[in-house]
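> Chains as they are written, first to last, in the working numbering: chain Z, 1 to 210; chain S, 211 to 368.
No lab work stands behind these hints: they were computed from the structure. Each hint should be verified, as a subset may be incorrect.
Computed Cβ-Cβ distance ranges for the label pairs, DEER-style [as the list claims (entries may be wrong)]:
hint, chain 1, residue 1, chain 2, residue 2, range
1, Z, T28, S, A228, 38 to 46 Å
2, Z, M77, S, R297, 34 to 42 Å
3, Z, P42, S, V244, 35 to 43 Å
4, Z, R182, S, F239, 56 to 64 Å
5, Z, V27, S, R297, 23 to 31 Å
6, Z, L40, S, N302, 19 to 27 Å
7, Z, P7, S, A228, 17 to 25 Å
Straight line, CA to CA, 27 Å or less: simulated DSSO-like cross-link-like pairs of lysine-lysine [unchecked claim]:
hint, chain 1, residue 1, chain 2, residue 2
8, Z, K167, S, K266
9, S, K269, Z, K33
10, S, K316, Z, K179
11, Z, K162, S, K290
12, Z, K44, S, K316
13, Z, K179, S, K290
14, S, K266, Z, K33
15, Z, K66, S, K269
16, S, K290, Z, K190
17, S, K285, S, K260
18, S, K316, Z, K66
19, Z, K44, S, K285
20, Z, K162, S, K266
21, Z, K33, S, K354
22, S, K290, Z, K199
23, Z, K35, Z, K53
24, S, K316, Z, K80
25, S, K299, Z, K190
26, Z, K193, S, K290
27, S, K253, Z, K162
For clarity, every value in this text was computed on a predicted model and none was experimentally measured. C-beta atoms are modelled at their ideal positions from N, C-alpha and C, and glycine is treated no differently.
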Amino acid sequence: MARRSAPEVNAGSMADIAFLLLIFFLVTTTMVKDKGIARLLPPKQENLIDPPKIKQRNLFIVLVNKDDQLLVEDNLMDLKDLRQAAIEFLDNGGAPSGSPEYCNYCRGKKDPSSSDNPDKAVISVQNDRLTSYKMYIAVQNELVAAYNFLRDRESLRLYGWKFTEVKKAFAEKNFRGNKADRVKTEEGMKEIKLLYPLKLSEALPRKAGN
Amino acid sequence: MSKFTKKKSNELPPISTASLPDIVFMLLFFFMVVTVMRETDLKVEQKFPKADQVEKLRKDRSIFIFAGKPSRQYKERYGKEGKIQIRDKYTNISNLAFALEGERAKLLPELQGSIVVALKIDEDTNTGLVSDIKEQLRELNMVKIIYITTLGNQLDDL
Numbered sequence: 001m002a003r004r005s006a007p008e009v010n011a012g013s014m015a016d017i018a019f020l021l022l023i024f025f026l027v028t029t030t031m032v033k034d035k036g037i038a039r040l041l042p043p044k045q046e047n048l049i050d051p052p053k054i055k056q057r058n059l060f061i062v063l064v065n066k067d068d069q070l071l072v073e074d075n076l077m078d079l080k081d082l083r084q085a086a087i088e089f090l091d092n093g094g095a096p097s098g099s100p101e102y103c104n105y106c107r108g109k110k111d112p113s114s115s116d117n118p119d120k121a122v123i124s125v126q127n128d129r130l131t132s133y134k135m136y137i138a139v140q141n142e143l144v145a146a147y148n149f150l151r152d153r154e155s156l157r158l159y160g161w162k163f164t165e166v167k168k169a170f171a172e173k174n175f176r177g178n179k180a181d182r183v184k185t186e187e188g189m190k191e192i193k194l195l196y197p198l199k200l201s202e203a204l205p206r207k208a209g210n
Numbered sequence: 211m212s213k214f215t216k217k218k219s220n221e222l223p224p225i226s227t228a229s230l231p232d233i234v235f236m237l238l239f240f241f242m243v244v245t246v247m248r249e250t251d252l253k254v255e256q257k258f259p260k261a262d263q264v265e266k267l268r269k270d271r272s273i274f275i276f277a278g279k280p281s282r283q284y285k286e287r288y289g290k291e292g293k294i295q296i297r298d299k300y301t302n303i304s305n306l307a308f309a310l311e312g313e314r315a316k317l318l319p320e321l322q323g324s325i326v327v328a329l330k331i332d333e334d335t336n337t338g339l340v341s342d343i344k345e346q347l348r349e350l351n352m353v354k355i356i357y358i359t360t361l362g363n364q365l366d367d368l
């Protein structure tokens, strides 16, 4: 028998098959990247020592009750005013000029009955166990926003870049500039963090409904 | 002269579709590579609260804790109270530590020191449950946490 040449395979439907697979993967792909508010928990205390004394004027107390209402420094407050109130508290710089605690970069009201300087100022958040998580995150978000606002302002004044933008660039590894720039910017970021250290304290939630 | 013009026709030549499969395959491979199949079967509701002061999560060094009300198909069996889920199972506060130790062991050894715990918590959960989880994390010395949120601002809804 004479050898017959094998018939050519029709590849016309290849595109259809590939399309089918393509559509499957298109549908199953999720490309969202998780984002969120990062936070450092206080480490476990081995032996309980006396907590350091914080003066009343250096403490900014935010209470959230089970109905998601805010009590800030003994006044009822709306969530939308919280950010501004926190900025005013942190940026107050109430210590008199000449004292070692004097804050020369603060632009607040210099009210002696509010915080001495941003390093001393502590924001304390206390929740009820029945506070909704939604409200909890909203409060945290506003307080972090207050810190970010002040850090951005100082970094713009001192170095000409925004703290939050540079932090994001570092995290995404697309910081533009050579190594010297990088080191310098990292130094600057440390400096800014020292000017406005994040001092957010969280008390253990009280019993439900109180 | 007419020898040269004879073959010329007025119709446009058809566009060749021979390279279409190649293009489609290229796209196909792209999507195949970036696709991550969902590893866990969610048993709790997951609607995240909104926030805008956010950072990105680095997946290689993170452990996920899910919490929220049981989803619709589990509601009858488990009620409406907030529940914690790790991987595919519901977990109690009491054996949360054990489950987290197991998760930590699964990460690359060099990343176990810089572990980040991603809290994927539904917005209708009570903060009480969240603080119970956080207490457990402190016990285990996993102090870096991230509250997963969606982009937006809570103020816009009020």
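> All hints are to be evaluated individually against the structure, with a verdict given for each.
Each hint, compared with the structure:
Under the hint 38 to 46 Å, the C-beta atoms of Z/T28 and S/A228, about 29 Å apart, miss the expected range. The given range of 34 to 42 Å is respected by Z/M77 and S/R297, whose C-beta atoms sit roughly 41 Å from each other. Checked against the hint of 35 to 43 Å, the C-beta distance between Z/P42 and S/V244 comes to roughly 38 Å, which is consistent with it. The beta-carbon spacing between Z/R182 and S/F239, approximately 35 Å, falls outside the hinted interval of 56 to 64 Å.
The hinted window of 23 to 31 Å between Z/V27 and S/R297 holds, with their beta carbons roughly 24 Å apart. With their beta carbons about 26 Å apart, Z/L40 and S/N302 fall inside the hinted range of 19 to 27 Å. A beta carbon spacing of about 19 Å between Z/P7 and S/A228 agrees with the range 17 to 25 Å that was offered as a hint. Between Z/K167 and S/K266 the CA atoms are separated by roughly 11 Å; this keeps the pair inside 27 Å, and the hint holds.
A threshold of 27 Å between alpha carbons decides the hint, and for S/K269 with Z/K33 the separation of about 9 Å falls inside it, so the pair holds. Under the criterion of a C-alpha separation no larger than 27 Å, the hint pairing S/K316 with Z/K179 is inconsistent with the structure, at around 35 Å. The hinted pair formed by Z/K162 and S/K290 fails the criterion: a straight-line CA distance of about 45 Å is larger than 27 Å. The straight-line distance between the Cα atoms of Z/K44 and S/K316 is roughly 24 Å, inside the 27 Å bound, and the hint therefore holds.
Of the pairs offered as hints, the one joining Z/K179 and S/K290 is violated, with about 54 Å between alpha carbons and a cut-off of 27 Å exceeded. Annotation: proposed proximity of S/K266 to Z/K33 holds, straight-line Cα distance about 7 Å (limit 27 Å). With a C-alpha separation of about 34 Å, the suggested pairing of Z/K66 with S/K269 is violated against the 27 Å cut-off. Among the hinted pairs, S/K290 with Z/K190 is inconsistent with the structure: their alpha-carbon atoms are about 46 Å apart, more than 27 Å.
A distance of roughly 25 Å separates the Cα atoms of S/K285 and S/K260; the hinted pair therefore holds under the 27 Å criterion. Between the alpha carbons of S/K316 and Z/K66 the distance comes to roughly 38 Å, so the proposed pair goes past 27 Å and is violated. Between the alpha carbons of Z/K44 and S/K285 the distance comes to roughly 36 Å, so the proposed pair goes past 27 Å and is violated. With a C-alpha separation of about 18 Å, the suggested pair Z/K162 and S/K266 falls inside the 27 Å cut-off, and the hint holds.
At most 27 Å may separate the alpha-carbon atoms for a hinted pair to count; Z/K33 and S/K354 meet this at roughly 19 Å. Restraint check for S/K290 and Z/K199: not satisfied, since their Cα atoms lie roughly 36 Å apart, outside the 27 Å limit. Distance check on the hinted pair: Z/K35 and Z/K53 sit about 36 Å apart at the alpha-carbon level, beyond 27 Å; violated. Between S/K316 and Z/K80 the alpha-carbon distance is near 42 Å, which puts this suggested pair outside the 27 Å criterion.
A distance of roughly 42 Å separates the Cα atoms of S/K299 and Z/K190; the hinted pair therefore is violated under the 27 Å criterion. With a C-alpha separation of about 43 Å, the suggested pair Z/K193 and S/K290 falls outside the 27 Å cut-off, and the hint is violated. Among the hinted pairs, S/K253 with Z/K162 is inconsistent with the structure: their alpha-carbon atoms are about 41 Å apart, more than 27 Å.
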